[in-house]
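Listed below, chain by chain, are the residues.
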Amino acid sequence: MTQTIREVVVAQDQGRPEVLLSVRGLDVRFGGRRDVHAVRGLDLDISAGQCVAIVGESGSGKSVTARTLVGLAGPGAVVSAKRFQIGDVDARRLSERAWRKIRGRSIGLVLQDAQNSLDPLRPVRREVGEVLIRHQLVPRRQLARTVDQALSDVGFPDPQVRGGQYPHQLSGGLRQRALIAAALAGGPKLIVADEPTTALDVTIQAQILELLRSKCEAGTALLLISHDLAVVSSIADRVLVMKDGVVVESGTTTQVLEDPQHDYTTRLLRAIPSASTRGHRLSADAAPEAEATPVARDHGLPVARDRGSVVLCAQAVHKSFELPGHRRLVAVDGVSVSVKAGQKLGVVGESGSGKSTLARILLGLQAPDTGAVQVLGTDWGTAGREHRHEIRRAVQFVSQDPLGSFDPRYTVEEVISEPLRSVSSAQLRAERVREVLALTRLSPDLLAALPRKLSGGQRQRVSIARALALRPSVLICDEPVSALDVSIQAQILDLLDDLNHRTGTSLVFISHDLSVVHHLVDDVVVMEAGRVVESGPVTQVFADPQHAYTRRLIAAAPKPAHDLRAA
Amino acid sequence: MTAVSIPSGGLFAAHLPRWIRGIRPTLVLSLLVLAVAASAAIAPGLWTHTDPLHADPLAARQPPSLAHLAGTDIQGRDVLTRIVYGARFSLLIGLGATLVALGLGAILGIVAGVGPRWADQLVTRLVDVVAAFPEVLLALLMIALSGRGAINLALALGVAGLPKYARTIRATVQQTRCAGYVEQATTFGASRWQRLVRHVLPNALGPLPVMVTIGFGGAIISSSGLSFLGLGPQPPAAEWGLMLAESRNYLRQTWWTGVFPGVALTAVVMAATVLGRHLQERYERRLP
Amino acid sequence: MTTTVETAVSPLAVPLAGERRSGHGALAFLVARRVLAGVLVLWAAITATFLAIQLAPGDTVSLLLGENRDDPVLRAQTIERWGLNQPLWVQYLTYLRRIPSGDLGISYTLRQPVAHLIAINAGPTFTLAAVAAAGAIVIAILGALIVTSPVHWLRPLVSGYELIMVSAPSFWLAIVLLWLFSFELGWFSIVKQGSWQALVLPAASLALPIGAYLSQLLVSGIDRAMEQPFIITTRARGSSLLAARIQHALRHAALPALHMLGLIVGSLLGGAVIVEQVFGRVGLGQLLVDAVKVKDMPLILGVTLVTTAVFVAASTVVDILGTLIDPRTKGNLR
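Residue numbers (this note's numbering), protein chains in the order written: chain A, 1313 to 1879; chain B, 72 to 359; chain C, 16 to 349.
Hints are not guaranteed to be accurate.
To be verified - Quick list of simulated restraints, FRET-style, between CB atoms: (1) A:HIS1638 - C:PRO115: 34 to 42 Å; (2) A:GLY1716 - B:PRO96: 34 to 42 Å; (3) A:SER1734 - C:LEU339: 50 to 58 Å; (4) C:VAL297 - B:PRO306: 22 to 30 Å; (5) A:PHE1342 - C:GLY295: 37 to 45 Å; (6) A:GLY1664 - C:HIS167: 42 to 50 Å.
As the list claims (entries may be wrong) - A short, non-exhaustive set of chain C residues, derived as facing chain B with CB atoms under 10 Å: (7) PRO87; (8) VAL88; (9) LEU99; (10) GLY175; (11) SER182; (12) VAL307.
To be verified - Which chain B residues stay away from chain A? Per the calculated CB distances, all over 10 Å, these: (13) ASP122; (14) ALA126; (15) GLY186; (16) PRO273; (17) PRO280; (18) ASN320; (19) THR325.
Calculated directly from the structure, the hints in this document are not laboratory data. Keep in mind that this is a model prediction, so the values were computed, not measured. Backbone N, C-alpha and C define an ideal beta-carbon position, used for all residues, glycine too.
Generate the whole structure from the sequences, applying the supplied hints.
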């Protein structure tokens, strides 16, 4: 394993690796109206060339920890520690001025690329040069050359030219490289990277991780903050698992992954979907008991129920958009898919592969330029007004952003019953709402609540409940779990699987995440630049990919913890 | 905007119940000022028993005193009484101008926002032309064409002020049209019209009360400015802008006639601004 | 609403089929497009005034003559000059030909060409507006930096002052300043027309409210920018809070404020008209108000159209500047 080799290298070089950061009993509190105890008693040591990861879900205090380590815990934060040593400096009593000497020089910070981590009004070259100017590391006339060097050190192509570009003109991967270059330019021995690969496509994510790994091997210490255990396991030497501000478990990566001691770590590991979790439950939710009266399927809708019959199909669908400058973007290029009753179909691809446009076309929200989509044998294009209305209800939609899909004025009850406006009887409507609440395991107490007061998982449940209200034949889910924490994602994935089993509703599951798709679906369609490059049963496609693009995707996907454990 | 709020706190704050601690003194003060101004506009008799037009040459040019809290003007009229009676004109013209601007702006904005492309283009160009004139000058031009007076003043200011409302409403309508929940309603089988009535308009026009409150302050400033130029109510009517205009030539002798009507004017505008910003803040917090 | 600012941003933007060009070509294309849009809007404004005159109640000759409507000689002259005995479309073409060539007609009350009257009165007004605009920008930046500074007790003080300033009408501020600094303290005489002392108070009464308004805009912009991740990034490189605020956040805040500045030129010109009255300054304001009182229509039209032209020109310049400053809009030329 790479990790052992690295340790040997470091040990040979320096005998005993230099401790760059040593923290004992770190506490961060945010005062004010709601007293938040964000970090409680954190212990952490990082030596040169070491990679330590902090893993946790949102609200675990991992990002606060990262920022506290560079003295930027934020306004209103009260930081205390028994020991907080950066190199040989006691950071507990540093003035703001003294902190400025440390930031960028002793510790570099890399944030998640959300386009705004680099100042959008400045060329990236100036952002990289800033740290050199602040610490007066190079004379002015050498600045340009040093910046170019820093950029090319992180694999930024053609720095003399492209360095003059603005962040919006660069791809996500290049922006992330520039961010890393800026963090490294001041020559710090420690880099703190907060979710450095989140929101990047898998292949880009793999490249950025490789870059960080190489810097680590060159002797820079790395503190990696991530929500993703799979990402962490591929690069970190040690792992700290955080929950509600407390480190519940820490140890070497293999220890934590293979023999987790804490209950939370175990649950977290179990919640990660992968090939080996197919057919197993991810969350602690028990499987629903087989009901005495299976959910009634007496819609009176023209629904094909027999397993195997095609409920939704697209034939040679083509769609392009006009761009400024007389260019055309081909979003979907001759795609054919078909969904059988009860089938779970996955659609995978990176951003820009056309999967969301395909979803909109399947939903009848957008007409294809050429090709046809049929729902229960009826063509979207040729269906009359009445008929269109009928088949609309057979295909329902669950989006990535549930809150954005709810009218902000509506309560949960109004949201769920909105599709039922055409149902005449109030009693029947209430019955349906109760039915979908039970299916999605939502408490009826929530009916009067406003969706924005709910948690992310509850919101996605409400969104699924609403989609089920019309008892559709197909549920189209566009990245339904990509904004959720792993444990919540596990619950939603289990829920979707249950629904598919209990009601026979087919699923079209669109995702960029191969492991999620591998876990959940029966068949998969791989899309690249608007085309279907490969399709078939998911186990077959992922075990023996035929197309180069599929192979690249699979190779780039971070190895899930389970597979690592098996290895 | 946080700029308006004075941080609550101090020694006793911690012992008070939460809902009292949550009260913002500036907001309460603003509501009070608006309530006083509104009551003066509706029933000036509540606040004073003097006649605003009653001139007493013997008591002319008196500085503020107990008998005349804001002094008397050059003709011996009580300035405070005239301020109280002036509220009606000033508030009505301001409110009228705001409602005209908002009404026209809303119609144009909705047409541009939901209508076909050509309608959007047409309305946008039309609004651009209105916006090409400086607001006060356009109002002035319209008054020159249609004649002076309170009603013409409100109408002229309303037309001159419509671009900002039309543009904002057009933008919110178009934004709402693309919102996730509107698209989602399509998948339930809601027709274009149903989506418009159920989702687009209620959500896009939700901030209208906020816009009225904020716009009201600006409209009062503009309308009193034009009254100041003699284009609104005519003497001897009591109107704040007009009173300030009349004070101008005697400022050396009677400074109070030039100060107090302006204080009333500023207080009302300030109250409307504070209230408007508070409403806006509350509205924005509601959005996802 | 964030949309408020953004929609008010470009009154003149014409969505043409934007072509992707680079370097100077793109710049020239952008400038040309904006200027063309400005000219089109001006043409539409002139047409609108023509229509307004036609649609106004009463007969057009009397409307144009105002107080002099009973003078038969002037009547005949006016009909001749405006082509009022000809069909409407000929009248329109006559009007359209005359206005841009600077022939704005004759003021029947002052018995002088309108263009000449405007030429001698425009200087003081535009000087006043320009000085006030410069003052407002300085006040705005200072105010914004003070409010966002870490000195916490200053914030409510300056915010309160700004709230009063945005709420006070400029003509009332003018009255108070006049009374206080000229009559009571005697610091700035307003008697000597054209001297800088006479300019201070009028400019201040215009600049204070607008400066306060711009400052509030900057503050909310800075506050929003300071919450962005790039501020953490730059501070993690060793930048001080002040450096982050001035070198990063202020530029972000300046963009919406700059776009607002275009609109503010309009309210400056309108405000100048009123403030000139308070100080008895010579200028377009005096000219215009006198003209409105006697219904001297050619003069009113002339002043309005010239001011509008200046306003449109200023908005166009500001619009182009804004696009140049923001690399995001420069790249794709919308």
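Hints, verified against the model:
1. A:HIS1638 - C:PRO115: 34 to 42 Å: With a Cβ separation near 35 Å, HIS1638 of chain A and PRO115 of chain C satisfy 34 to 42 Å, so the hint holds.
2. A:GLY1716 - B:PRO96: 34 to 42 Å: For PRO96 of chain B against GLY1716 of chain A, whose Cβ atoms are near 37 Å apart, the range 34 to 42 Å holds.
3. A:SER1734 - C:LEU339: 50 to 58 Å: holds (54 Å)
4. C:VAL297 - B:PRO306: 22 to 30 Å: holds (25 Å)
5. A:PHE1342 - C:GLY295: 37 to 45 Å: At 58 Å between Cβs, range violated.
6. A:GLY1664 - C:HIS167: 42 to 50 Å: About 47 Å separates the Cβ atoms of GLY1664 of chain A and HIS167 of chain C, which means 42 to 50 Å holds.
7. PRO87: violated (24 Å)
8. VAL88: Violated - the Cβ of VAL88 of chain C stays beyond 10 Å from chain B, reaching only about 24 Å at its closest.
9. LEU99: violated (16 Å)
10. GLY175: holds (8 Å)
11. SER182: holds (4 Å)
12. VAL307: holds (5 Å)
13. ASP122: Nearest chain A Cβ is 50 Å from ASP122 of chain B, so the label holds.
14. ALA126: holds (56 Å)
15. GLY186: Its Cβ never comes within 10 Å of chain A, the nearest being 21 Å, so this holds.
16. PRO273: violated (6 Å)
17. PRO280: It holds; PRO280 of chain B is separated from chain A by about 14 Å at its closest Cβ, greater than 10 Å.
18. ASN320: Given a closest Cβ separation of 52 Å, the condition holds.
19. THR325: holds (51 Å)
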